[in-house]
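Peer 1: Sequence lines, in order, name chains A and B.
Count along the first sequence starting at 1, add 18, and that's the number in my numbering.
Count along the second sequence starting at 1, add 33, and that's the number in my numbering.
Any given hint might turn out to be false.
Computed footprint of chain A on chain B, listed as stretches where at least three residues anywhere in the stretch have a Cβ under 8 angstroms from a Cβ of chain A [as the list claims (entries may be wrong)]:
| id | stretch |
| --- | --- |
| 1 | 53 to 64 |
| 2 | 71 to 81 |
| 3 | 85 to 98 |
| 4 | 151 to 164 |
| 5 | 203 to 214 |
For the record, the hints were derived by calculation from the structure and aren't laboratory data.
All values reported here derive from a predicted model rather than from experimental measurement.
In this text, a Cβ means the ideal position worked out from N, Cα and C, and glycines have one as well.
Listed below, chain by chain, are the residues.
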Amino acid sequence: MECSDCRELIVSWSSGDLPPSGIESIEAHIRECPGCRLYMTQSDRVWNLLDEWRGIEPRSDFVSTFWDRVAKEERAPGWDVFSYVRKLRLSWALAGALASVLIVGIFTFALFKPDSGFETYADNDARDEQILLELDDATTRETTDVLSIYGPWENRVEIMKINGYGDTN
Amino acid sequence: MDIDIELMLRTKSGDDGAFSELMRRHYKGVVNYIYRYTNLKENSEDLAQEVFLRIYRSRKQYRPEAKFSTWLYKIATNVSLTHVKKKNVNLSLDEMNDEGGEIGDPEIDIADDLIYRKEIKDVIFLAMESLPEREKVAIMLCKYEGLSYEEAAQVLECTVGAVKSYVHRGRMKLIDKLKPYLPGGGEYGV
Numbered sequence: 019m020e021c022s023d024c025r026e027l028i029v030s031w032s033s034g035d036l037p038p039s040g041i042e043s044i045e046a047h048i049r050e051c052p053g054c055r056l057y058m059t060q061s062d063r064v065w066n067l068l069d070e071w072r073g074i075e076p077r078s079d080f081v082s083t084f085w086d087r088v089a090k091e092e093r094a095p096g097w098d099v100f101s102y103v104r105k106l107r108l109s110w111a112l113a114g115a116l117a118s119v120l121i122v123g124i125f126t127f128a129l130f131k132p133d134s135g136f137e138t139y140a141d142n143d144a145r146d147e148q149i150l151l152e153l154d155d156a157t158t159r160e161t162t163d164v165l166s167i168y169g170p171w172e173n174r175v176e177i178m179k180i181n182g183y184g185d186t187n
Numbered sequence: 034m035d036i037d038i039e040l041m042l043r044t045k046s047g048d049d050g051a052f053s054e055l056m057r058r059h060y061k062g063v064v065n066y067i068y069r070y071t072n073l074k075e076n077s078e079d080l081a082q083e084v085f086l087r088i089y090r091s092r093k094q095y096r097p098e099a100k101f102s103t104w105l106y107k108i109a110t111n112v113s114l115t116h117v118k119k120k121n122v123n124l125s126l127d128e129m130n131d132e133g134g135e136i137g138d139p140e141i142d143i144a145d146d147l148i149y150r151k152e153i154k155d156v157i158f159l160a161m162e163s164l165p166e167r168e169k170v171a172i173m174l175c176k177y178e179g180l181s182y183e184e185a186a187q188v189l190e191c192t193v194g195a196v197k198s199y200v201h202r203g204r205m206k207l208i209d210k211l212k213p214y215l216p217g218g219g220e221y222g223v
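Let the sequences and hints guide you as you build the complete structure.
Peer 2: So, in structure tokens, the structure goes:
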């Protein structure tokens, strides 16, 4: 048996968790190996040394303090919304019926509610159109004014005749 | 049926008295486990109550699939670890409680003994703290809480062989750390 194997088994050995065959092979190895013998001794001593770290004695009112804490948390608002709902003991059928009524109500309201949004849109649309017409008129007037330097359009035929371009018909 | 499982099933069916009995059976172990894990005496009881609170809140979902104690210590480990991480607790000697919490024997409760116990407690804590998390938890569960390798394996969610390996490796490291405090301490060769 190798020393590493022996030391791994020493833990099981000291906790009485080894089969007889394992115990025999460990004991044989330890008899001949001073290093493993020392390791076994120190391992046991360390294990026992850990007992020197003693525990603490909790307060005797641990249990009553616990229940006070539970009561306090249950009283606190918003601790657990679902627990409050559960406490109402609503049946699933009743909850379903309430949900259905709510949904039908919302749809009915949406269906029969006067749709002021469309009118608003039409008004806005008309207003936009009016603005466009005014802009168009203004542009036309401006263009006419600019082109007026070329003279009145009604004299154009006469001018063409004078210049010998012939009859426009 | 295991008494803990029976009490937990009664708690599940609405018997709070059964849960009180369950707490009485285990709260000292849980408080001390958390105390050794965090080395903070003052917080240990609060955190232990948090552990039982979590169990109480989830009582309706309880299924007796494993030993109650493994479930309990798994939650205690998580609560302790979360606390240490969240609070970024400085687990140095500065944070350690001077009282130590030892139950003094009047006959040996002398000043030297107290100094020794304080020192050895700090040394053991620091040695344990230097171990990897799973080795530390494995040793704490098996050594201090008296859990079997099988139960520790359930807490750590690993195999029994892995727990033995954690304990073995942890013990080897503790020998190195605590050797100066062993009577007749010395080297061991290969």
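Peer 1: Please go over all the hints and tell whether each is borne out by the structure.
Peer 2: Hint check:
1. Counting residues of the stretch 53 to 64 of chain B whose CB falls under 8 angstroms from any CB of chain A gives 6; the rule of at least 3 is met.
2. Coverage of the stretch 71 to 81 of chain B by chain A holds. Counting CB-CB distances below 8 angstroms, 4 residues qualify, and the rule asks for three or more.
3. Check result for the stretch 85 to 98 of chain B against chain A: holds, 3 residues qualifying (beta carbon to beta carbon below 8 angstroms, three or more required).
4. Under the rule that three or more residues need a Cβ within less than 8 angstroms of chain A, the assignment of the stretch 151 to 164 of chain B holds, with 4 such residues.
5. Residues of the stretch 203 to 214 of chain B lying with their CB closer than 8 angstroms to a CB of chain A number 7, which satisfies the three-residue condition for coverage.
Hint compliance for this structure: every hint is met.
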